[in-house]
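Could you build all of it, start to finish, from the sequences and the hints given here?
Going down the list, the sequences are from chains D and H. Going by my numbering, the final residue of the first sequence carries number 187, and the count climbs one at a time with no gaps. Going by my numbering, the final residue of the second sequence carries number 547, and the count climbs one at a time with no gaps.
Note that these hints are calculated values from the structure, not bench results. Source: prediction; values computed, not measured. Please note that the accuracy of each hint is not assured.
Below 27 Å or equal to it, Euclidean Cα-Cα: the simulated DSSO-like pairs (lysine-lysine) are [claimed, not checked]: (1) D:K45 - H:K267; (2) H:K308 - H:K467; (3) D:K122 - H:K484; (4) D:K45 - H:K266; (5) D:K35 - D:K122.
Partial pick of chain D residues on the chain H-facing surface, computed with a CB cut under 7 Å [claimed, not checked]: (6) A114; (7) V117; (8) A126; (9) A168.
All residues carry an ideal CB built from backbone N, CA and C; glycine is no exception.
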Amino acid sequence: MQSLTAEATKTQKSQSTPKKTSETDKRFKTLDITIKRNHYRQDALIEILHKAQESFGYLEPEVLEYVARQLKLPLSRVYGVATFYHLFSLKPSGAHSCVVCLGTACYVKGSGKIMAALEEELGIKAGETTPDDKISLMAARCLGACGIAPAIVFDGTVAGKQEPEMVLERIKAWQSKT
Amino acid sequence: MDWTNLLEIAETEQKRQKSIRVHCCTSTGCRAANSLSVKQNLDNAVAESGLGDRVEVIGVGCMGFCGRGPLVQVDPEDLLYEEVTPENAPSIIEALDGGEAKPIKGDSQHPFFSRQMKIVRQHTGKVDPERIEEYIAVGGYQSLYKALYEMTPEQVVSEIGKSGLRGRGGGGYPTGLKWATVAKMPGKQKYVICNGDEGDPGAFMDRSVLESDPHLVLEGMAIAGYAVGADHGYIYVRAEYPLAIQRLQKAIQQAKKYGILGSQIFESPFDFKIDIRIGAGAFVCGEETALIQSIEGKRGNPVPRPPYPAESGLWGCPTLINNVETFANIAPIIREGAEWYVSIGTKNSKGTKIFALTGKIRNNGLIEVPMGITLREIVEEMGGGVPNGEVKAVQTGGPSGGCIPASLLDTPVDYDSLNKVGSMMGSGGMVVMDRETNMVEVARFYMEFCRGETCGKCVPCRTGTVQLYSLLTKILNKQATKTDLEKLETLSYMVKETSLCGLGISAPNPVLSTLRYFPQEYLELIQEDSLNSKVTV
Chain D
10 MQSLTAEATK
20 TQKSQSTPKK
30 TSETDKRFKT
40 LDITIKRNHY
50 RQDALIEILH
60 KAQESFGYLE
70 PEVLEYVARQ
80 LKLPLSRVYG
90 VATFYHLFSL
100 KPSGAHSCVV
110 CLGTACYVKG
120 SGKIMAALEE
130 ELGIKAGETT
140 PDDKISLMAA
150 RCLGACGIAP
160 AIVFDGTVAG
170 KQEPEMVLER
180 IKAWQSKT
Chain H
11 MDWTNLLEIA
21 ETEQKRQKSI
31 RVHCCTSTGC
41 RAANSLSVKQ
51 NLDNAVAESG
61 LGDRVEVIGV
71 GCMGFCGRGP
81 LVQVDPEDLL
91 YEEVTPENAP
101 SIIEALDGGE
111 AKPIKGDSQH
121 PFFSRQMKIV
131 RQHTGKVDPE
141 RIEEYIAVGG
151 YQSLYKALYE
161 MTPEQVVSEI
171 GKSGLRGRGG
181 GGYPTGLKWA
191 TVAKMPGKQK
201 YVICNGDEGD
211 PGAFMDRSVL
221 ESDPHLVLEG
231 MAIAGYAVGA
241 DHGYIYVRAE
251 YPLAIQRLQK
261 AIQQAKKYGI
271 LGSQIFESPF
281 DFKIDIRIGA
291 GAFVCGEETA
301 LIQSIEGKRG
311 NPVPRPPYPA
321 ESGLWGCPTL
331 INNVETFANI
341 APIIREGAEW
351 YVSIGTKNSK
361 GTKIFALTGK
371 IRNNGLIEVP
381 MGITLREIVE
391 EMGGGVPNGE
401 VKAVQTGGPS
411 GGCIPASLLD
421 TPVDYDSLNK
431 VGSMMGSGGM
441 VVMDRETNMV
451 EVARFYMEFC
461 RGETCGKCVP
471 CRTGTVQLYS
481 LLTKILNKQA
491 TKTDLEKLET
501 LSYMVKETSL
511 CGLGISAPNP
521 VLSTLRYFPQ
531 EYLELIQEDS
541 LNSKVTV
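This is the structure we're talking about:
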């Protein structure tokens, strides 16, 4: 797998694409700082992937290869971890995110209906992004905000006691913005 | 830092505190209801009214009554205000000076509060979780000092053993026994892990404890480290709880600064450091062996036990893993003694348990109750029952637990009684369901959860959950026959008996418990012609 990585890097270099490389992209520097702070320890992989996702928005193949090289881990291992955990995304997400909690308390109070309304309105399924890259719709297992069920997270801010109409209004406001 | 210093900090803090303390909840639940603006306006009102010399506004952790947030509580009068808005918040301050408070007045003597018994949550909602001084002022870290200077590690272990404390993560394994096993293991390097990967949907006790009183957990971990001979601890918190992570980081920093964590704690030879590990959204990581894998930076796949983590855990070293709430019980036990703890609860389940009371219920939020209280007392008296309806079932234990029908509401809440009725204590989620809830759909909901969360390592869990899910879907689509129903039951037992870890072993519980108590709902969905033949469930 390591040789694969090397090959992949070589192909990229031979194509000499001017896009992000570890030398030019500032985001790799932030990633480097995190890696150094963790003393290149292989067990810090999850911490480092968190940081990578934070600065890149998602885990693109190039980033995974970079992390693998820096930590001296096989790419298969890095890829395996990145795909195992739900919070890591290998696809870019939309400009806005809407996370519907589908935990038991929210479910009993009708979050399933909210999800269905959103899926219909946006024409996508949970876990997908609208074709115009505007909105990503996601489902959460439980936000631990059961006291204010059903809970929805709009762009990182939790909102409680939601109804389908309220949620659709928020979404429409996002859609109408250009 | 020594004993005198500790008392000095406490005394200085007590002197600093103003006579009237206005507590404003800043935990996740109330935050979502705009409690930060409420606090801001309270602060401004104090400044404007010129009451600053005797009134202070404190951002505190969860007061429990999350369904009616944002909550503001005023001490020493013990006034409670519910659903406070930024607009009517200033009137609370005006009321201290003869004015009239506009927000809805809560009843702090309501059974929701008065039936509680607070050990773990004793100081939540009263202390500022972001200031270690407030924790020290209420006697914090004195238990750690007492353990280090007045007790040997063996005495600490035996005290915890005598207290009868059992694991609060759900399994209910005797904590003292676990500690004794790790303490006895040879080897210089040992670890203490705090399991804060609270994944059960409908449960948020651990989040609340970490957000409201992080030092209580740190103190418990340090005492555990001393007792079992570990110098390094990890707290594994799920990434879905950013506020808990942030407050823990702050708490660890402050404790280090005072020499309460780190090397030579309280100038004794005992070293203990704590690192935070953040999860990445995998339910299975709540299982102890999977959690260890995750701390090591790997996929969270469980490994077969034995060897148990107590023998060979993190990096092959003896490792003590306890849940957040378990660690939060340690400092009170050391302070008050095992005999006091034994006096609370039932014969085999000692102490208190925090439950997240949610779903179709009038008063939802967090409650800490003594073991042995009945479900009826919790649901009807404290919870106020179902609004416009009747209780159909109470679900405890999350996807690993079961649904307890209304007819069994008099079941006492303790480890053994809940197991007997086919559910389990679990981490403490308690979701109330009313007559409108379709139990087959609930079973499928949990199966969908387990199907998505199985790690895929062992076959029974990986494929069994998928098959169970499609059988349940078939039943819900009214396409199933009697044979399918039988298959559902057989397969449930097979998955239960052959899976590797707790996730698979308990995944069929919601199906089995609904089959046991609500067979009629399944039968109604079975195709009519097959109903004519006798169906046994």
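Against the structure, the hints:
Taking the CA atoms of D:K45 and H:K267, the gap is near 24 Å; set against the 27 Å cutoff, the hint holds. For a cut-off of 27 Å, the pair hint linking H:K308 to H:K467 stands: about 14 Å separates their Cα positions. For the given pair, D:K122 sits about 21 Å from H:K484 by alpha-carbon distance, which is consistent with the 27 Å threshold. For the hint pairing D:K45 with H:K266, the CA-to-CA distance comes to about 22 Å; that is within 27 Å, so the pair holds.
With a CA separation close to 43 Å, the supplied pair D:K35 and D:K122 exceeds the 27 Å bound. Because the closest C-beta pair between D:A114 and chain H is about 4 Å apart, less than 7 Å, the hint holds. Because the beta carbon of D:V117 sits about 5 Å from the nearest beta carbon in chain H, less than 7 Å, this interface hint is met. At about 18 Å, the closest approach between the beta carbon of D:A126 and any beta carbon in chain H exceeds 7 Å, and the interface hint on this residue is violated.
A least Cβ separation of about 6 Å between D:A168 and chain H falls short of the 7 Å threshold, and the interface hint therefore holds.
Checked against the numbered hints listed earlier, the structure breaks hints 5 and 8; every other hint is satisfied.
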